[in-house]
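Novice: The primary structure of each chain is shown beneath.
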Amino acid sequence: MKTIEQLETTTDLTRKGTCIEFFSAYQDLDIDRMVGLFTPDATIDFKPLGESGKGKVNELGRGLWSALIDAFPDLDNTIDTFDVNGDAITCQVVIFGTQVKEFAGIPSKGLKFESDHVFVFEFNEDDKATSLSVDWNHESFTRQLGVV
Amino acid sequence: MFYRKIIPATPLQTLVECYYIWECNELMGESITIESPPSGFTSMVFNYGDCYKTSSTDNSDFKSAPRNFIAGQATKTYKLLLEGKIGMIGIVFRPTAINTLFGIQMYELNDERLDLSSVLGKEIEPIQERIIEARTNQEKIDIIDQFLLFKLLNCKGQPNHTDFAANLIVSQNGIINVSKMMEELCVCRRQLERQFLQKVGVSPKYYARIRRISYLCSIMANKRWQVADWHDLIFQMGYYDQSHFIKEFTAFTSKSPSFYLKNNVELSNYLQS
Numbered sequence: 016m017k018t019i020e021q022l023e024t025t026t027d028l029t030r031k032g033t034c035i036e037f038f039s040a041y042q043d044l045d046i047d048r049m050v051g052l053f054t055p056d057a058t059i060d061f062k063p064l065g066e067s068g069k070g071k072v073n074e075l076g077r078g079l080w081s082a083l084i085d086a087f088p089d090l091d092n093t094i095d096t097f098d099v100n101g102d103a104i105t106c107q108v109v110i111f112g113t114q115v116k117e118f119a120g121i122p123s124k125g126l127k128f129e130s131d132h133v134f135v136f137e138f139n140e141d142d143k144a145t146s147l148s149v150d151w152n153h154e155s156f157t158r159q160l161g162v163v
Numbered sequence: 017m018f019y020r021k022i023i024p025a026t027p028l029q030t031l032v033e034c035y036y037i038w039e040c041n042e043l044m045g046e047s048i049t050i051e052s053p054p055s056g057f058t059s060m061v062f063n064y065g066d067c068y069k070t071s072s073t074d075n076s077d078f079k080s081a082p083r084n085f086i087a088g089q090a091t092k093t094y095k096l097l098l099e100g101k102i103g104m105i106g107i108v109f110r111p112t113a114i115n116t117l118f119g120i121q122m123y124e125l126n127d128e129r130l131d132l133s134s135v136l137g138k139e140i141e142p143i144q145e146r147i148i149e150a151r152t153n154q155e156k157i158d159i160i161d162q163f164l165l166f167k168l169l170n171c172k173g174q175p176n177h178t179d180f181a182a183n184l185i186v187s188q189n190g191i192i193n194v195s196k197m198m199e200e201l202c203v204c205r206r207q208l209e210r211q212f213l214q215k216v217g218v219s220p221k222y223y224a225r226i227r228r229i230s231y232l233c234s235i236m237a238n239k240r241w242q243v244a245d246w247h248d249l250i251f252q253m254g255y256y257d258q259s260h261f262i263k264e265f266t267a268f269t270s271k272s273p274s275f276y277l278k279n280n281v282e283l284s285n286y287l288q289s
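Line by line, the protein sequences are chains A and B. All residue numbers for the first sequence refer to this note's numbering, where the first residue is 16 and numbers rise by one. All residue numbers for the second sequence refer to this note's numbering, where the first residue is 17 and numbers rise by one.
Here are the in silico distance ranges between beta carbons for each label pair:
id, chain 1, residue 1, chain 2, residue 2, range
1, A, E154, B, V243, 32 to 42 Å
2, B, K79, A, G32, 18 to 28 Å
3, B, I262, A, D47, 41 to 51 Å
If you're looking for bench data, these hints aren't it; they were derived computationally from the structure. Heads up, the beta-carbon is just placed ideally off N, CA and C, and yes, glycines get one too.
Could you put the whole structure together from the sequences, leaning on the hints where they help?
Specialist: As structure tokens, then:
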């Protein structure tokens, strides 16, 4: 925790600040900025997708977010709160958007979704994000998009 | 056990909900655990009794709290483990007040109790010393009143729609349609949410949820945890149905409502009604 004097003079991000910057970049649909907050070999785990949801932030993460943004061009988020546990920060976030193209085999019916997500960022000693896991209720997500 | 809430000086009442003084000369060699649901308020505590421990986890993993600390929004029930002599004076801030007076990014303080000196620097040290030396509770209150009035006079920021929205959520006890509130205030959702993180620590909707649980728990405490009509209470609190209510209550308190009624160890249990 920095003192007020430090906060006023420093430009580096705290760990929570890094999380906020990630979701701010997400709102701007700026994948380079999102990925740039992680170490080059950082890993990602989209939990509901099982083994196929595991990979590198710069590869799998970039690819999935690109597809998501392409299918939901008004994709947006709200950070509800943070929880710090050791080197991990858990963010409760609401993700929402409107589908305009097919996504992961789900044809577009022009429907909106709003889904509670849990993002867990892990940091190294240099306060760089080294991994991210993302969890959500996939059944609810697909149901909102019209999958019966 | 002595516990009293005190109203602050008039100019501070938009920022400070109350002060409290909590004292007990000796706990007869036993330790007591006190739990508190999230209140929606933040605080600053000056401890002149024995130090105590706190836990925000389900498994009562207690850690020593700094002697004098600043605390941000609690997003879950927390517990205090007290031994020996209790002696403290606390400032209960309204949701945006710490950011207004001290410029702290409130998301950094969620569920944290941080040492006052390390957060506020040297300006707080003489205040801490004077509180310890004060001979009466009124002297302690006067010291805090003067300190906060000085901060208020020197504060650069002006209240804006974020302060208004946060205080509106408080006054409505969290029973409010936040999307509708944003429309009526003609504010940009993203901007309000960003400022809420900075000034309150959580999103507006999440803050309303915290505030509603806080209000519900205070109602139950006032009824000495005797709830005659659950359906009426759930309806009054604006929950869709019983299932929604139970899910929400458990998320913030880690207890089912019925378990909570029978087994809570809130401070009110130790005070005369």
